[in-house]
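Number of protein chains: 4
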Amino acid sequence: MSVVEQMLDTHPGNRGFGVEGKLRACIEACGECAQVCTLCADACLGERDVAELVTCVRADLDCADLCEATQRVLSRRTEGDDTLVRALVKACAEACRMCGEECERHASRHEHCWVCAEACRRCESACRELLAAL
Amino acid sequence: MSVVEQMLDTHPGNRGFGVEGKLRACIEACGECAQVCTLCADACLGERDVAELVTCVRADLDCADLCEATQRVLSRRTEGDDTLVRALVKACAEACRMCGEECERHASRHEHCWVCAEACRRCESACRELLAAL
Amino acid sequence: MSVVEQMLDTHPGNRGFGVEGKLRACIEACGECAQVCTLCADACLGERDVAELVTCVRADLDCADLCEATQRVLSRRTEGDDTLVRALVKACAEACRMCGEECERHASRHEHCWVCAEACRRCESACRELLAAL
Amino acid sequence: MSVVEQMLDTHPGNRGFGVEGKLRACIEACGECAQVCTLCADACLGERDVAELVTCVRADLDCADLCEATQRVLSRRTEGDDTLVRALVKACAEACRMCGEECERHASRHEHCWVCAEACRRCESACRELLAAL
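Chains as they are written, first to last, in our numbering: chain A, 1 to 134; chain B, 1 to 134; chain C, 1 to 134; chain D, 1 to 134.
Derived from the structure by calculation, the hints contain no laboratory data. Please note that a few of the clues may not be correct.
Copies of the same chain are indistinguishable here, so a pair counts whether it falls within one copy or spans any two.
[To be verified] No farther apart than 25 Å at their CA atoms in a straight line, the calculated lysine to any residue pairs in the SDA-like style are these:
1. K90 x E111
2. K22 x T55
3. K22 x G46
4. K90 x E101
5. K90 x D49
6. K22 x S2
7. K22 x E111
Quantities reported herein were computed from a predicted structural model and do not represent experimental measurements.
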């Protein structure tokens, strides 16, 4: 049982619906993706061909910022109105898609981009599954 | 001339289009709104009737997170594709609208909520004007 | 092998020293602690006795902010000069200590505070072990 | 009267001491410095000689993260114990010093680095003055 699961289980506002599982998965995927993207941005900055990785660095930084904000807002589980959550998770899925595609272009040359592309894809999926369940 | 204006003017990727003005205004409004919302959340936590301000605290925290992420992504001005920017600015406008409306309910009792509601409205406008210009 | 481990392994600036293990552990602990503290703040806000949990909410929010900033800066592994890293990790350990102690006071009544106190303690340890290794 | 000043004035926990002015100045300086550093990182990424600006990009990103976290924690004005605030503001001053020095090296070639160095210096001063007043 993950700590996020434990926290959601003991949260006084636990909705009890089937949404919980998707919510937990999305919070965890966002946390992982933010971490990996921050690391990938820095790894790209350390590569000799950094000049060709500038778009990748920017995509990494954007994606890390989106994932962190999404993780935080999802943790707040604002009751009732899901308009904000929906709009933000959509934007986050978009950031993950863009970053994943960009990283994939360098995945054969830079292994960190390969690992990052995978994390982005996992997070994009988790976002889309949560969106479908809301 | 604000520092943000100076920075955009000296940025090598300056687009030179009319978008610049809206972009600058939105970055500045997001920065201000994030600051004010963080302060409002804490002021609400310090009020005697904190139990009635819980929704307001959450809206403040959500809005601060959205504004910070939006400010950061806008500062990166990812060239070409505006899909992410558009989705994020829409989500940010939504966070500002929700927080502004919630703060307004307590504006007569708590002056910090009045100041915050104003900042949220300014930021929502800046977001919508940028969206229209993109 | 965790994704953070994979990312550090494939980072062009991998130092190869024994520091790597402590660095990875600290990045991961910060990520977990930030997540848990954000969730604990919201869970506290949802409790009936929220008025008595205000100090805990603030400590949670402070700790989440410190852990996120620390995770990001550690991921950048600024070469050579460790002055900033040292100062920040010290501040992070302090935030974890304060939040852990505050959560512990409510741990018997609120299980989320118990889970959070544990995460804070793990993160404080990871910070102190990294400090000792730098 | 700035919005931060208005918010601190209407905060129920206003300390009324002379610290208020330094606190406000530091919150505002951190907000400005975070904004400018994020913009400078991206401007550096857009320069032709990006390969020579990698250390500057990293310093910018570190400084932006420190300034944001500091702004948030200062806004929470945790009562009583200033241990965390002190440690964090120290770390923030260090990040500003490092980033300011790094930006200054490129200030003659890149005007955005010049503007950023100035913002870092202002923020470092605001941090040190708050530290002296605590």
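Outcome of the hint check:
1. K90 x E111: Neither: 28 Å inside a copy, 32 Å across copies.
2. K22 x T55: Classified as between: cross-chain Cα gap 23 Å, same-chain 31 Å, threshold 25 Å.
3. K22 x G46: between (36 Å within a copy, 21 Å between copies)
4. K90 x E101: Both, since 17 Å and 23 Å are each at most 25 Å.
5. K90 x D49: Neither: 32 Å inside a copy, 35 Å across copies.
6. K22 x S2: Both: 14 Å inside a chain and 22 Å across chains, each within 25 Å.
7. K22 x E111: between (29 Å within a copy, 22 Å between copies)
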